[in-house]
Amino acid sequence: MSRIGVFICHCGENISRTVDVERVAKAAEKISGVAYACEYKYMCSDPGQNLLKKAVIDQNLDGIVVAACSPRMHEKTFRKAAQSAGLNPYLVEMANIREHCSWVHEDREEATTKATEIVTMLVERVKMNKKLQPITVPVTKRALVIGGGIAGIQAALDIADCGHHVVLVEREPSIGGHMAQLSETFPTLDCSQCIMTPKMVDVANHPNITLHTYSEIENVDGYIGNFQVTIKKKARSVDMDKCTGCGVCMAKCPQKKIPNSFDKDLGMRPAIYVPFPQAVPNTPVIDRENCTYFKSGKCGVCQKVCGPGAVDYTQEDQLVVEDIGAIVVATGFELYSIGEKPKGSAIKGYGEFGHGKIPDVIDGMTFERLASASGPTGGKILRPSDGKEPQQVVFLQCVGSRAREKGISYCSKICCMYTAKHTMLYHHKVHDGQAYVFFMDARTPGKGYDEFWRRSIEDENAVYIRGAVSRLYQKGDKIVVMGSDIALGIQVEIEADMVVLATAVQPRQGADLLAQKLGISYDMYNFYSEAHAKLRPVECATAGVYLAGACQGPKDIPDSVSQASAAAAKVMTLFAKDELEREPIVAKVNDKNCVACFYCKKVCPYGAVEEKEIRDRQGNLIKVVAWVNPGVCGGCGTCQASCPSKSVELDGYTDEQIMAQIEAL
Amino acid sequence: MNNTKENTTPLVDNSYYEAVTTAIRSEARRVMESGEVSAVIGYKSGRRKGSAQPVIISDVSRIDELVFAPTCTNNLSLYLTKAKKEVSKKGKIAIVAKGCDLKALAGLMSESQLKRENLHLIGISCAGVHGSNVKPSEALSAATIARKCRECTVHVPEGVDCIAGTLPQLEQLSALESAELERLEAMSPAGRWAFWKEQFSRCIRCMACRQVCPFCYCEQCLCDRNRPQGVETTPRPAGNMGWHIVRAMHLAGRCAGCAECERSCPMDIPLNLLNRKMANELKELYGQEAGMQPQEKGPLATYKEDDDESFIK
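Line by line, the protein sequences give chains G and D. Here the first sequence is numbered in this note's numbering, starting from 1 and rising by one per residue. Here the second sequence is numbered in this note's numbering, starting from 1001 and rising by one per residue.
Looking at chain G on its own, in the form it has when it is part of the complex (with noise of 0.2 Å):
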């Protein structure tokens, strides 16, 4: 006879509200099998706690059900106490009897009546519970660092500093990400490159850190602790051992006129290249779709002129399989850019404002190339158009963002604070010069943050006009912005030089295809999910996947760092220990029963099934069964759910116990 101890909890209110409580424990209290039933207000808390371990160890329980919250919530803890009571923490199972009866029903007599039905089907339950231990996993203490923008390059260096190998894949042929691209970065007007580059040359340097650029994550293997993930390197076409990087091949390559993406299109380079003088690794690629000799066979110069020999045009993707222990996805942001409307988008609005066909209607980021010194114009701001020095800028926020009929309806959070930025350095640029600002409202939190935006408007002169733009056109070589001032209740027009707009951030393209390797979840913009808003901001729900940065959600720099540092802290606490310990929900295969169809092995998404021979002591084959690895296996059941004869079974998910539990109704 089991000896079964029901707990039930008020929540406050939050359950004793729409659920006579005290009723729940004397109906309980009659189930067979249960010896001790009792209600409490706040069963989580410290002396609820207490309730249950003193009962564990006076009653002499067997099984423990808690008729609570959500097992999400606090399963954990109720186990954790029974087991410090002595009793193995698997005999511990949650009756929800909040989120699925009180807080959906409003009638007290009908959710009592479903509250006892709830508990009675759990006692059930529990007599089935077997006692669990824990399966324990190595760990391999090797982490993987997607994206080398500054989110990776903070998360690498931290774990590497720990003394943790790290891998670092970034798909441009250097690293740097955006922040490489800015000109100065707000509140403090520091050079971008100044504070960049040094952090990405210890990335180089660092004797901890595997750096593989121009490459992608192809496959993504194995559990956390034990991921193996396939990396495609693609193909340079230059040796990274032989090459100097003294740069004669860029100088003499004779195609000079590809626009540079790294300067948003203002700038030229050659078919053989680094994004940027800085770039780490400082190791030109070539780029096969524009090169005169990947497209016609003939030229060859690069090679010709190449001392240490390092040009190989006969190079070729390759496959690289490392084995990981935990990964940080830090692949950051793009800009939405309403000039062109990429292919399957569910966007609104593209080519609004003139983008893409008004040339002098540039994007913040286009600004920032403008503004950088190391940037196409040397630092002088000129529009694309002509080259002239604007002398009117009007800047238009919130392109994109913050508006849900056409797609977008989160803020980007950067904007403003670069917007006040870019008035800021136009104004140091061009002295006479005036620039305008058309916005919804300001959102400046952050250190620092509001009085930066203050100075633009105090010091530097920017003129901020509440009001959003109906209308804007060309006209000769002006562009004409109509809009209206909700402050002063006026409509009014000005005649720009050049418009930049601060349009939204997303996320990279082919974002979810990553997510999709990964396993990890992803919002409806494919903005990656963490496992908790507010508790578990840097953890996917996958175990062993940690996110930073941009690519969770629009952030500024002085975040991305934060939540960089904050990933690799989790990282390091993972490989704290030599062996993982985790929830022993897993599926255990009956070899008498199984007769090899394999269907689970079919079905099984993690890969957990293996094939086993059964051998006499003469070493003669008996018969082959299936075989789940415990390590491996998630516990999604699908395997229980597909095996004909039912010889597979989750513990902690027995057909018994589910039946048990439909049968107790």
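The set of hints was computed from the structure by calculation and includes no laboratory data. Just so it is clear, CB atoms sit at the ideal spot from N, CA and C, and this is done for glycine as well. It cannot be assumed that every hint is accurate.
[To be verified] Facing chain G, from chain D, some residues (calculated, C-beta under 7 Å): (1) E1219; (2) L1222; (3) Q1293; (4) K1297.
Assemble chain D onto chain G, guided by the hints.
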């Protein structure tokens, strides 16, 4: 099961059976004598005139016992799974297979029960076999042919090691089973439910359908389990319905259409109708059906983003 009004004129000439029998014997002799296989699974004559029964021959001198006749109804793939598990341990085996039997063999290969390299397949150009309750001595005619054979699409097996005989010109017979399926489809769900309820109410749970099915190879059937009990084991309406639903679901997308379940059913329950209905559903929903080649994954072991989920309500 057969329509007595149908024509009793023989569908094929006796020389066809003689030719197939000779071809089986010569191929069996060749592979046995060369030592390529250790045994041949085929048919031999039974005691009643014209009847045939399965035989496993491992002695070359008995090879002339092998025959082919309209009474060679059994699906021999059964002898490679549960019925005679030790057979498959004898090394490479030759097996005589009609088109429908081959589909079962291919399915068993897909489910890791058999390995192609351990089999020598003697395919038969099959004109059809007898239905149930037919006197063995009768010739194959529109009146005696099994209902499944009237609309057979696999007269000549593919992917086998040799084919015995050539298919004679066959008369186009009316598709009785399809017509019956259409009749059921036209019914209301309640009408169909009533039809099957009536059919299954006659079931005596002898489990012949399970024993004769090449795909029911589980060592312990879940319907025999009692802790927890999934399906009531006594022949009562609820348990009968439970068993037949489990059977239909487990065969969906796998059933080779040999209709041995229907032939062996002592209560004449038209089980192949249900098998065919399930196969049609799966073909319609997922575009997959049991074929003569092993498949890597069955339709119910695959998930695709664009799978039809309209049935989830």
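- Hints not upheld, ascending by number: Violated hint: only 3; rest satisfied.
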